[in-house]
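**Student:** Fit chain R to the known structure of chain B by using the hints.
Protein sequence lines correspond, in order, to chains B and R. For the first sequence, the numbering used here gives the first residue as 6, with consecutive numbering after it. For the second sequence, the numbering used here gives the first residue as 6, with consecutive numbering after it.
Any given hint might turn out to be false.
It does not matter which identical chain is used: a pair holds within one copy or between any two.
[Claimed, not checked] Derived pair list, reagent style BS3-like, types lysine-lysine, alpha-carbon separation capped at 27 Å: (1) Lys-593 to Lys-553; (2) Lys-146 to Lys-116; (3) Lys-753 to Lys-299; (4) Lys-304 to Lys-710; (5) Lys-234 to Lys-116; (6) Lys-365 to Lys-751; (7) Lys-365 to Lys-186; (8) Lys-186 to Lys-234; (9) Lys-599 to Lys-644; (10) Lys-599 to Lys-543; (11) Lys-644 to Lys-603; (12) Lys-525 to Lys-536; (13) Lys-644 to Lys-632; (14) Lys-733 to Lys-644; (15) Lys-334 to Lys-751; (16) Lys-516 to Lys-304.
No lab work stands behind these hints, which were simulated from the structure alone. Note that the structure is a prediction, hence the values are computed from the model and not measured.
Number of protein chains: 2
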Amino acid sequence: MKKIILFHISLCLSILSSFAQDLSEYVNPFIGSTNYGATNPGAIVPRGMVSVVPFNTAGEGTGKEKDSDWVSFPYDHTNTLFSGFSHVNLSGVGCPDLGAIILMPTTGELKVETEEYATTYSQEDASAGYYTNVLDRYGVKTEVSATQRAGISRFHFPAGEANIMMNLGQALSNESGGMVKMVNEQEIEGMRMVGTFCYNDPTSIYPVYFVMKVDQTAERKGIWQKHRKNNGVEGNWMAAYNGQNRILEDAYFPVLGDSLGAFFSYDFAEPTQVEVKIGVSYVSIENARENLEKEIGEKNFEQVVGNAKAQWNEVLSNVAVEGGSEDDKTVFYTSLYHSMIHPNIINDENGDYPVSKTRKTGKVENGDRYTVFSLWDTYRSLHPLLTLLYPEQQLDMVNSMLAIYDESGWLPKWELNSTETFTMVGDPASIVIADTYLKGLDKFDEQKAFEAILKNAYPIESGNPVRPGVAEYIENGYVPVDVELDEKVWGSVSTTLEYAVADWSISQYAKAIGNKEKHKEFLERAYGYRKLFDKNSKFLRPKYANGKWHEPFDPAHGANFQHNIGYVEGNAYQYNLMAQFDIPQLIKLFGGTKEIDKRLEMIFEEGHYDMANEPDIAYPYIYNYMKGYEYKTQERVLKLREEHFTNQPDGIAGNDDTGTMSAWTVFSMMGIYPDAPAVPRYALTTPAFDQITITLDQNHWKGEKITIKKEGNSNLIDAIYVNGKKQKSFFINHSDLVDGAEIIFKMKNQ
Amino acid sequence: MKKIILFHISLCLSILSSFAQDLSEYVNPFIGSTNYGATNPGAIVPRGMVSVVPFNTAGEGTGKEKDSDWVSFPYDHTNTLFSGFSHVNLSGVGCPDLGAIILMPTTGELKVETEEYATTYSQEDASAGYYTNVLDRYGVKTEVSATQRAGISRFHFPAGEANIMMNLGQALSNESGGMVKMVNEQEIEGMRMVGTFCYNDPTSIYPVYFVMKVDQTAERKGIWQKHRKNNGVEGNWMAAYNGQNRILEDAYFPVLGDSLGAFFSYDFAEPTQVEVKIGVSYVSIENARENLEKEIGEKNFEQVVGNAKAQWNEVLSNVAVEGGSEDDKTVFYTSLYHSMIHPNIINDENGDYPVSKTRKTGKVENGDRYTVFSLWDTYRSLHPLLTLLYPEQQLDMVNSMLAIYDESGWLPKWELNSTETFTMVGDPASIVIADTYLKGLDKFDEQKAFEAILKNAYPIESGNPVRPGVAEYIENGYVPVDVELDEKVWGSVSTTLEYAVADWSISQYAKAIGNKEKHKEFLERAYGYRKLFDKNSKFLRPKYANGKWHEPFDPAHGANFQHNIGYVEGNAYQYNLMAQFDIPQLIKLFGGTKEIDKRLEMIFEEGHYDMANEPDIAYPYIYNYMKGYEYKTQERVLKLREEHFTNQPDGIAGNDDTGTMSAWTVFSMMGIYPDAPAVPRYALTTPAFDQITITLDQNHWKGEKITIKKEGNSNLIDAIYVNGKKQKSFFINHSDLVDGAEIIFKMKNQ
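One chain only, chain B, in its complex shape (with noise of 0.2 Å):
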């Protein structure tokens, strides 16, 4: 049945735009693609291993500079310099990866560095499967788009000379090393290393395979190879091309090296599309080849960008809102297109995928395998979003995890592409396995998914890779800051927030699957970050194992990534209340809910809050723990929101952290938000629209659907009906919410 309507709009594509809910047309891929926000406007589909994005962070006077800076990202709106189209790329993620096999088209005579042939660019635009603008220098508009692992160029040249250039020794990655092979007149294939994510692990450097077809048989083609400079007396002997690029035309074979690249020239008579299909893959050429004919094969350019944007329709319908302003809307739509594209796929179309590590190619047996899993940002609100919205999604990324168990031995923790980057700190793997059971998606092993969970959580004699403070955690209850100062964690404060978050999840796993005794353990376990409350304070310190404070004490240090003892990526105020699953006992250590207010106005009003990183998130919602405050998350929200998330390409805070933040954005314009890990439960507040439906996956929820209305024009809530009965709280449990709940907000009269 889907596949039968995924034809027909493709075919009917025109037809589109008259569709009353053309909600790809809300999808604005701009926004976050600037401060830092670090998504781009590339062409995608949902989950997409591929996604065709406009490169212009290289080159000396383009703006952010990818080696001068850390630059994250492919693109920047704020850039000017246009350098081509990488197939691979990382969306809203804060260190700089793959950002490779790049695709350019120039005019006249051949250059092959991209200082020599970046463009400046003009008439931008881009939609949900759709980028295009004009390079400047060139006159050559170029449109592009994709499926899950290809990518389609067309290019429109004018007459005279042209160019298409894969240039293989150019990428956002910091990894270099190449192969590329004329395989006939009209195609080419090759290989790329990418890796080293984040700088963590040097030794997680992997290839990209890829295959690319052009469709007119060019004039002359060929390869380029950079000389590797020879510094010695012999270099004087090859001073023409000691160190400079040889056009080596017709070369049949593979060419190897740390800078290379392709090309097909033509001599147009008159002005001439080209277009340009490239599959990937990261397991084999021969994948990449096959992923290209299946999904691209002989469909034209039209027919590609048909197909994108029914898939973006079809994930995105499963939300449907009314009322709102458009920027609403797009605000909404493109959050939930950001919560889309990773995790992403990394099986081929014959469901072959490369093992954690060794890169020995698996199959999957049902289901696709997932990548991309940057867990200490998204275990807070993106997966979540996908359990609620995308269960089937969501249960294949649990499933790919726990195989990630299996391969490497240990769940994930910032896993990509199959290498395990150990970036961030924290057991967040456990949470989200934690979270999704207990919210009853339990199509995985759960006895395999305890087991792995529980290794993560206890020391091993060679050393816990996942919790490297753990044993001195458990003998504590709190990571000591003696731990960081020997630099075995980082921020022994935060770390202990994210062990105790992970033993919360635990506990609560092992109660639903009926072990007691775990349960009561971690439960215990999940309690010790408490002795970390300095009740002069009010903060949570780092202190030594002999029970005395860290000092010097500045709550306010560590803002703005400034290293700080205690806190990763934040400082005290950002930890303050990052224990949610313990708000109650936090209401009662600050001396009740006055005194906890008074600290929330301090964040919030003397600029402590930070809605660019993940560790104060929830912060806005904790009001609802607080009798009487409630209309504070009504008003925090609507705040935050207008403040931060815009529709504009500066609209996401900061690194959208693979889509966290847009699924923050999501859940927070829906009026629901689960504020605590491993507590199915959502904290509610005034939606974003007049009515919202949301679409439930009937293989997994028993409702068929969830009615959140809002009745009245005011941003505050004056009472929560949900099916019909009015509501003490302002939460909900997952289990009403899934059963089909009404859910009718009435706002208070203006």
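**Tutor:** Relative to chain B, chain R alone:
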């Protein structure tokens, strides 16, 4: 029959030493391995694609360091630092290339850079198909051998940590770029770029493929790859590995880059032998694997060595000698051995080979495809030797040359692994083809050959790449120095002489195939060089198109590779008498035998003769054209042999030039020398042995054998008898020789 013998010999290696004619024992592979002979003591079989050569020209302090000077060899006997066994190598050439696929055993901690692991060595020994040494730093005894397309190494490790490394970052070649992949626990595969021999064509780069197997499972194994240094600000974040090597353990995927390798590491409880087998191909990894399987497969080291020795015995036994000193025999058979290295086969076991330039896969239909055609050198002595002794190989070589013409549009000039390096001057392919044909080897397409030869011989609009000065040469009868001053040709006199010898050859070929017109035309062209003869100085001098001599003129300038207007790698003395086809006319131009004798005395006695380069190597045979002076040929040849060709590492006069000097030695020691290309005749001189018996190939020659006897003890010839008939001249026709001549040299009484 041949196979049965080989099999028998390989099984009975121990019996070999008792054979009357274990001629391989007379091979001293160290001859020519210093003093720029550029040969090496590595293990090889006749015309093998693979040689396993001790690589000792890398690393500060080794002696002649490859990047610090013009070092064209992987090994020099006076060098001291061993850094592995390279598996593709050139022997006796004047430019660096290949010296790649370097296998290195070490002990202790794994170090992957040449500078870190290179070691002095001792107990070095070598014989045909076998080399051994002991690595001082590691206490490892190494032994290596080879088949045509594969190498085998046996390492004797002491107890403790041991490493076997395949270094693809290092090579004699100035090119870089490689790929390596672990296939399973005991096997890796990969490729490595090589090329740009002699710096003439920067685009002549291409991969060589290999598969490597170790016979024991390692404790640790994987790949290393060097990070390309990032000089941007971002480099700070990767400080720990920026520009450094990374070790990727258990990396079962292709790793690419300019500098990388693979390793197997062991913890041996007791001293242990490890065998390493490496198959090579210029077509594909699959073919490299097939070559390895078919040629070595399950054979052990002893069997491979036995087969290699048997193959050498088989080819060396074409010439049996009696009498002479042990050193004479060693020089002789080692020279014959050096004549059997290049040209070498490039086709795989299955017949695949890389087509010229595009390197698409071609398939040989019958015979072998040969490569490494250093024709400016080899037309003078090597190809005539192969024509006489190994006509089947010579025909395969001519057919390979014609296939190269089919593929690339041009006959080879200095062809290397399906690339044309455009090294040296002239049009040597025409000479080789004509000489071969005129001697009666005609199993090739004579019309196609003529077409190919003629294409080389005329100007073409886009510029004739083989004979760049041919238009002016035709116009003037010689290449005017104007063309040289315009940097269009190198050495106008030398180039004129090379064109003249080629044109002489073409004229003779035309005559032989009945083309009178071309015979006449090219004969006339051949004589044009005479216009460069300056009657006053009696030198061939650079001349302008307007007929004026280039000034200043110093006939002695240009020795030892000084740059010298008019001459290529030489001076006016060394080209004075190079027109061997025209010696009688030269004698006339000089004003008779007395005058030319004066010049020869001046050349030989005043230090103007250069035995180390080709243009004058036939000079000592000129006396045979001068009645009454023939004894000087006998004296000079003997003296040159004894001075320059000895049983010592410096026992070749300069570059062996892929066997050219060695072939000169073989001929000169047999007492017959093909002094004039495309004149099917040999000059005679005193043989080095009492009796020489050449077994003739019955498929090509009428006679069963040639017998050369020396009767009497002096070195001066009294009379020569051929088949019992006293000879009038000091020449013998090729046809008489191959009809099975018995030549008896009656020596003068001392």
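**Student:** For the identical chains here, do Lys-644 and Lys-632 meet the 27 Å Cα criterion within one copy, between copies, both, or neither?
**Tutor:** Answer is within: at 21 Å inside a copy they meet the 27 Å cutoff, but 114 Å across does not.
**Student:** Within a copy, between copies, both or neither: which one fits Lys-186 and Lys-234 at a CA-CA cutoff of 27 Å?
**Tutor:** Both. Shortest intra-copy (23 Å) and inter-copy (25 Å) distances satisfy the 27 Å Cα cut-off.
**Student:** Reference check for the pair Lys-516 and Lys-304, CA-CA at most 27 Å: within, between, both, or neither?
**Tutor:** neither (52 Å within a copy, 63 Å between copies)
**Student:** From the Cα coordinates, with 27 Å as the cut-off, is the pair Lys-733 and Lys-644 best called within, between, both, or neither?
**Tutor:** within (25 Å within a copy, 116 Å between copies)
**Student:** Can you tell me if Lys-525 and Lys-536 fall within 27 Å by alpha carbon in one copy, between copies, both or neither?
**Tutor:** Within one copy, since 18 Å is at most 27 Å while 108 Å is not.
**Student:** How would you label the pair Lys-599, Lys-644 (within, between, both, or neither) given a Cα cut-off of 27 Å?
**Tutor:** within (22 Å within a copy, 112 Å between copies)
**Student:** Treating 27 Å as the Cα threshold, decide for Lys-146 and Lys-116: within, between, both or neither.
**Tutor:** within (19 Å within a copy, 52 Å between copies)
**Student:** Cα distance capped at 27 Å. Does Lys-365 pair with Lys-751 within a copy, between copies, both, or neither?
**Tutor:** neither (57 Å within a copy, 74 Å between copies)
**Student:** When Cα atoms must be at most 27 Å apart, do Lys-234 and Lys-116 count as within-copy, between-copy, both, or neither?
**Tutor:** both (19 Å within a copy, 24 Å between copies)
**Student:** For Lys-644 vs Lys-603, is the C-alpha pair at or below 27 Å within one copy, between two copies, both, or neither?
**Tutor:** within (18 Å within a copy, 107 Å between copies)
**Student:** Checking Lys-593 and Lys-553: alpha-carbon separation at most 27 Å within a copy, between copies, both or neither?
**Tutor:** within (23 Å within a copy, 110 Å between copies)
**Student:** How would you label the pair Lys-365, Lys-186 (within, between, both, or neither) given a Cα cut-off of 27 Å?
**Tutor:** Classified as both; 23 Å inside a copy, 11 Å across copies.
Hint compliance for this structure: hints 3, 4, 6, 16 are broken, all remaining hints hold.
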